[in-house]
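**Student:** Here is what each chain is made of, one letter per residue.
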Amino acid sequence: DAGVIQSPRHEVTEMGQEVTLRCKPISGHDYLFWYRQTMMRGLELLIYFNNNVPIDDSGMPEDRFSAKMPNASFSTLKIQPSEPRDSAVYFCASSLYSNQPQHFGDGTRLSIL
Amino acid sequence: AQTVTQSQPEMSVQEAETVTLSCTYDTSESDYYLFWYKQPPSRQMILVIRQEAYKQQNATENRFSVNFQKAAKSFSLKISDSQLGDAAMYFCAYGGAGSYQLTFGKGTKLSVIP
Chain A
1 DAGVIQSPRH EVTEMGQEVT LRCKPISGHD YLFWYRQTMM RGLELLIYFN
51 NNVPIDDSGM PEDRFSAKMP NASFSTLKIQ PSEPRDSAVY FCASSLYSNQ
101 PQHFGDGTRL SIL
Chain B
1001 AQTVTQSQPE MSVQEAETVT LSCTYDTSES DYYLFWYKQP PSRQMILVIR
1051 QEAYKQQNAT ENRFSVNFQK AAKSFSLKIS DSQLGDAAMY FCAYGGAGSY
1101 QLTFGKGTKL SVIP
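If you're matching them up, the sequences are chains A and B in order.
Quick note on my numbering: the first sequence kicks off at 1 and runs consecutively.
Quick note on my numbering: the second sequence kicks off at 1001 and runs consecutively.
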């Protein structure tokens, strides 16, 4: 089975530009999570979905961040406008149901210049 | 709120030797799950092992085993016969039974010396 697929693997863009990160969860997994990883703050949960519905977005840092899950096989995390402090590795993860292990994608390394 | 503490930012082990990584957590819940994830330089997050709090038996996966002390809220990871490929960041994570979220520790960077 294919794992969680994220794209792009790397993204370099200039401050102020819109950034869209993409995620395809494992087929059949009902839960999808977006995380941000930085040296200073470690792994932070940004938002998670259950059956395509956003359940908790309290970790989303600002209104510049938004996430959608239009169907069970696709989710996006968008930053508009981007700022240098948004530079981090962004992970998407999915799980079959609560308390099952979360399976992570390879992450997107985002650099905002 | 739950917290997860990994008190060893860095550890090193000689190849073929055994190393133990520490993790403590704070929770008021009685039912929960604990995980160890490995993040090699390739930055993948790979599940190593999982423990259910209601199980007294310590989880084991090949060379990886845990020492789960529920009363002490401790969840250490033992790696036996360490291999060069074990070099990575290791993250301890807590998941409450009533929650769908994981709380991660800051990680321990493990180096394996040939």
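If you are wondering where the hints come from, they were derived from the structure by calculation, not from laboratory data.
Treat the hints with care, since some could be wrong.
Unchecked claim - FRET-style restraints, in silico, Cβ to Cβ:
| id | chain 1 | residue 1 | chain 2 | residue 2 | range |
| --- | --- | --- | --- | --- | --- |
| 1 | B | Asn1058 | A | Leu113 | 43 to 49 Å |
| 2 | A | Ser73 | B | Ala1071 | 21 to 27 Å |
| 3 | B | Asp1026 | A | Tyr97 | 31 to 37 Å |
| 4 | B | Ala1097 | A | Gly28 | 17 to 23 Å |
As the list claims (entries may be wrong) - From chain B, some residues computed to sit far from chain A (all C-beta separations above 10 Å):
| id | residue |
| --- | --- |
| 5 | Ser1007 |
| 6 | Gln1014 |
| 7 | Asp1026 |
| 8 | Ser1042 |
| 9 | Gln1044 |
| 10 | Ile1046 |
| 11 | Leu1102 |
Heads up, the beta-carbon is just placed ideally off N, CA and C, and yes, glycines get one too.
**Student:** Does each hint hold? Answer for all of them.
**Tutor:** Going down the list of hints, with the structure as the test:
1. In this structure the supplied range 43 to 49 Å holds for B:Asn1058 paired with A:Leu113, their Cβ-Cβ distance being about 48 Å.
2. Range check, A:Ser73 to B:Ala1071: Cβ separation about 43 Å, and the 21 to 27 Å hint is violated.
3. As the Cβ distance of B:Asp1026 to A:Tyr97 is approximately 25 Å, the hint placing it in 31 to 37 Å is violated.
4. Hint check: B:Ala1097 to A:Gly28, Cβ distance near 22 Å, so the stated range 17 to 23 Å holds.
5. B:Ser1007, annotated as away from the interface, keeps every beta carbon of chain A farther than 10 Å; the closest lies near 14 Å.
6. Every CB of chain A is more than 10 Å from the CB of B:Gln1014 (nearest about 27 Å), matching its label as outside the interface.
7. At roughly 16 Å from the closest C-beta of chain A, the C-beta of B:Asp1026 stays outside 10 Å, upholding its exclusion from the interface.
8. Not every CB of chain A is more than 10 Å from the CB of B:Ser1042 (nearest about 8 Å), against its label as outside the interface.
9. Not every Cβ of chain A is farther than 10 Å from the Cβ of B:Gln1044; the closest lies at roughly 6 Å, contradicting the non-interface assignment.
10. Distance check for B:Ile1046 against chain A: the nearest CB is about 8 Å away, which does not clear 10 Å, and the non-interface claim fails.
11. Against the 10 Å criterion, B:Leu1102 falls within the reach of chain A, whose nearest CB is about 6 Å from its own CB.
Checked against the numbered hints listed earlier, the structure breaks hints 2, 3, 8, 9, 10 and 11; every other hint is satisfied.
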